[in-house]
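Chemist: Model the placement of chain C on the given structure of chain G, informed by the hints.
If you're matching them up, the sequences are chains G and C in order.
Taking numbering that gives the first Met the number 0, the leading residue of the first sequence gets 0, the next gets one more, and so forth.
Taking numbering that gives the first Met the number 0, the leading residue of the second sequence gets 0, the next gets one more, and so forth.
Hints are not guaranteed to be accurate.
[Unchecked claim] Restraint-style ranges between C-beta atoms, simulated for each label pair:
| id | chain 1 | residue 1 | chain 2 | residue 2 | range |
| --- | --- | --- | --- | --- | --- |
| 1 | G | Val-124 | C | Val-100 | 21 to 27 Å |
| 2 | G | Ser-81 | C | Leu-234 | 24 to 30 Å |
| 3 | G | Pro-69 | C | Val-161 | 32 to 38 Å |
| 4 | C | Arg-3 | G | Lys-4 | 28 to 34 Å |
| 5 | G | Thr-58 | C | Pro-165 | 45 to 51 Å |
| 6 | G | Lys-53 | C | Leu-107 | 40 to 46 Å |
[Said to hold, decoys possible] Heads up, incomplete: computed chain G residues facing chain C, CB under 7 Å, no partners named:
| id | residue |
| --- | --- |
| 7 | Lys-53 |
| 8 | Arg-72 |
| 9 | His-73 |
| 10 | Tyr-77 |
| 11 | Thr-79 |
| 12 | Ser-81 |
| 13 | Ser-83 |
| 14 | Asp-92 |
| 15 | Ala-99 |
| 16 | Leu-100 |
The set of hints was computed from the structure by calculation and includes no laboratory data.
Just so you know, even glycine gets a beta-carbon here, dropped at the ideal spot from N, CA and C.
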Amino acid sequence: MESIKVDDLVVVRGGATVLDRLSFEVPAGTVTGLLGPSGSGKTTLLRVIVGVQKITSGTVTVLDRPAGEPSLRHEVGYTTQSPSVYGDLSLADNVRYYAALYGRRKDAVGEAISSVGLGGMADRVVRTFSGGELSRASLACALVAQPALLLLDEPTVGLDPVLRRDLWALFGQLAAGGATLVVSSHVMDEARRCDRLLLLREGRLLADDTPDGLRSATGTDDLDEAFLRLVEQWEVAG
Amino acid sequence: MNPRLVLATAWRVGGQLRRDRRTLALAIVVPCVLLWLFSELFADSPMIFQRLAPAMLGVFPFVLMFLVTSVAMVRERTSGTLERLLTTPIGKGDLVVGYGVAFAVLALVQASVATAVALGLLGMDAPASVAVLVLIAVADALLGMALGLGLSSLAVTEFQAVQFMPAVAFPQILLCGLIVPTDQIAGWLDAISRAMPLRYAVEAMTTLTGASTVDGRVWTDLVIISGCVLVALALGAATLRRRSA
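Isolated chain G, as found in the complex (with noise of 0.2 Å):
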């Protein structure tokens, strides 16, 4: 059972090819790490399987739907990079909001601040936040949905390593327990955590393999060197 189905997807946006013909599957039940360099077409594929992209051609298939219908909308949560949370409300006041917006119930929004780590910060003004408190009260927002689809835009940027080894495990608690997520990332340490990588390059897909099968497929047990050998022999093919 796949969760996401993409088939020859092409995205142009003002005259440049964003998305270059990408097919691939997302399994349910899995963390599929979306990695590649800045600019590379991560963020844009993220908003496609939300439906807010506009696409040139090609299928996008979320949970059996077309991308963008409007039933998925209970069902997908999607952090931006940048945290989009209010400001000048408190912690809880914005992950009540988003409760209420996908008709959890109240006990939801303490169980999603804790789970972000944020328990005792609940009632600050999410203005005073630092940029890592920030993403994390943004995550806060979307698990309290508790979506069967979670597509996280570099959700672990400027956390201390403690902070990211946690949220990992969280996403694969969350894996474990039936949810599918899709979680981009550019830095390549956080491959190794992912039960499914999509590695991106210039709008096109350098790989669909799991952390071991990338491994052995270039030869390598660093996937920071498997990343550039794959960008190598796709140049040397042209």
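Modeler: Same frame as chain G, now just chain C:
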């Protein structure tokens, strides 16, 4: 439209206003101070004050809500919260009406305080009905909100949003009958003024004040204002796009 989503949004916007004490204080106190200034300015010619005071009660809610809404919407757009909201189950109508409910409550408080000050402290002539006067003020506030919402989509920054104030609100303030009564202005100015919704709010306020019964023209004006609100809200909601290139 889903009442639960409308109320959740109204509560959230209300929460942002409640935490912004300075905006609240300015929104409520400034109209009263300006009314007092006008009454002092025309202390020797109370007739002028009697004409100006109700007209100003029609201008304040409009200006306040126009500014607050256009800045609030530009903020929703630039902070990314609008795009995020449009990926949730909320409908555009829920969002727009939610904003409307929260701002209408603020307008109600502002109009009540300003009316109380004008009637109680500054000696403005009593209107035929205080309830209808406050009703006009709220409709007028919603008009400012609806126009602010529609125009906010043309502004990319808060700076630009504030510039719509002189561009869109000032001509209406000049021609609405506040400065020169509409029956004393040139025909072509009168024609322009008829196309401006604020004129009808000011007309309703001045017709109501000093009269003993609610004139039929007041209701006509209210219908015109409500129509403008609905058209502007529909246009404003149409500018909220779920998908972008």
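Chemist: So which of the earlier hints does this model not fit?
Modeler: none
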